[in-house]
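Asks: Numbering (the numbering used here), first residue to last: 126 to 393.
Simulated from the structure, these hints should not be mistaken for lab results.
Don't take every hint at face value.
[Claimed, not checked] Taking lysine-lysine pairs in the BS3-like style, the calculated list, with each CA pair at most 30 Å apart, reads:
no.	residue 1	residue 2
1	Lys306	Lys326
2	Lys286	Lys258
3	Lys228	Lys306
4	Lys211	Lys259
5	Lys295	Lys129
6	Lys211	Lys228
7	Lys314	Lys286
8	Lys129	Lys351
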Amino acid sequence: MKDKRILYVSSEVIPYLPETDTASTSFELARLMHSKGAQIRIFMPRFGVINERRHQLHEVIRLSGMNLIINDMDMPLIIKVASIPKERMQVYFIDNDEYFKRKAVYSDEDGKLFEDNDERAIFFAKGVIETVKKLNWTPDIIHVHGWMASLLPLYLREYYKNDPLYINSKIVTSVYDTGFKGTIGDKLKDKIRFDGINDEKLQSISTTSYNNLMKIAIENSDAVIKGSETIPEEIVAFINQKEIPLLGHQDGEEPSDIYSNFYLTEVL
126 MKDKRILYVS SEVIPYLPET DTASTSFELA RLMHSKGAQI RIFMPRFGVI NERRHQLHEV
186 IRLSGMNLII NDMDMPLIIK VASIPKERMQ VYFIDNDEYF KRKAVYSDED GKLFEDNDER
246 AIFFAKGVIE TVKKLNWTPD IIHVHGWMAS LLPLYLREYY KNDPLYINSK IVTSVYDTGF
306 KGTIGDKLKD KIRFDGINDE KLQSISTTSY NNLMKIAIEN SDAVIKGSET IPEEIVAFIN
366 QKEIPLLGHQ DGEEPSDIYS NFYLTEVL
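Hey, can you work out the whole structure from these sequences and the hints?
Replies: Structure below.
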C-alpha cells in the first residue's frame, strides 16, 4: 500500500463521536493503511456534539469560504481540521452553521430524524469533493462509510464525472447494519435533480430509506465491504445483482493484509 492515496469519507469517526461499527471501523482501517505506508485523508461532518476545544479543531481559512449550491441556496462551506493523537493522521471536518451547528447528530431529542438530513447529505458529499479538489490531492481509492456519506459515489460518477482529479479514482462502500427507521423525506430526488442528475440515475431512491441510500452508493461504487457481521438481506441481494467485488465482514485482530489485498487486487 506504500504511497497509495486513500480518501476515507465517513459519517462517524472515533474519537470524535461515540464508538459504533461505522465510527470504529473507518478509524481503524485508516490507521492500518497508514501503518502500511499509504497516504491517508479522513473526512467527516463537524456535528455540533463534537467538542472543538477538547479535540483541538481549528478552521483552515485557505480551504473555507466557498459557497455550495444546495437546492438553489448558497450555503457557506467551512473546513476545520484536527489531528488524531498518536496516529499522525489528520481529520477534515465539513461544517456549516445551518446544517451542523445543532447539538445533535442525525435526530432531535425525541429521536425524530432532522427534516434537512437530505440536504446535509448533499452538502457533505459536495463539500468533501470540493475540498479535496482545493487540496489538489488525487485519491487512488475513495472509501465511503455511513449513510450520510452515501451520496458521494453518485456525485462523483455524475456531477463530477468529467473532473480530471477523480477520473481514475476507485470507490469502495462499506455497508453497516446501523441505519435508521423511516425515510429522510420525499424531496431528495428533486434536490439532486437540481444539480443536473437525471431520473435514470435516481431509481434506487424511489423512497429515501436507509437501504435505498446504501443501494445508490453501491451502484456507483467499484467494490463493497460488509462493515457489520450482518447487513440487511435486501442490500445483500442488491450487491449480488451488481456482480461487483465484495469483501465479507472481518472480525479479529487487525486484518490489515486482508483489506490491503482487497484494495490492491479487487479495487485498483
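Asks: Indicate, hint by hint, whether the structure satisfies it.
Replies: Now the hints, each set against the structure:
Restraint check: the Cα-Cα separation between Lys306 and Lys326 comes to about 24 Å, which is no more than 30 Å; the hinted pair holds. A hinted pair counts as satisfied when its Cα atoms are at most 30 Å apart, and Lys286 with Lys258 qualifies at roughly 13 Å. Note on Lys228 and Lys306: the hinted pairing holds, with a Cα-Cα distance of about 21 Å set against a maximum of 30 Å. For the proposed pair Lys211 and Lys259, the alpha carbon gap of about 27 Å is at most 30 Å, so the pair holds.
Distance check on the hinted pair: Lys295 and Lys129 sit about 12 Å apart at the alpha-carbon level, within 30 Å; holds. With a CA separation close to 28 Å, the supplied pair Lys211 and Lys228 stays within the 30 Å bound. As the CA atoms of Lys314 and Lys286 are separated by approximately 19 Å, the hinted pair is consistent with the 30 Å bound. The suggested pairing of Lys129 with Lys351 holds, with an alpha-carbon distance near 22 Å, which does not exceed 30 Å.
The structure agrees with every numbered hint stated previously.
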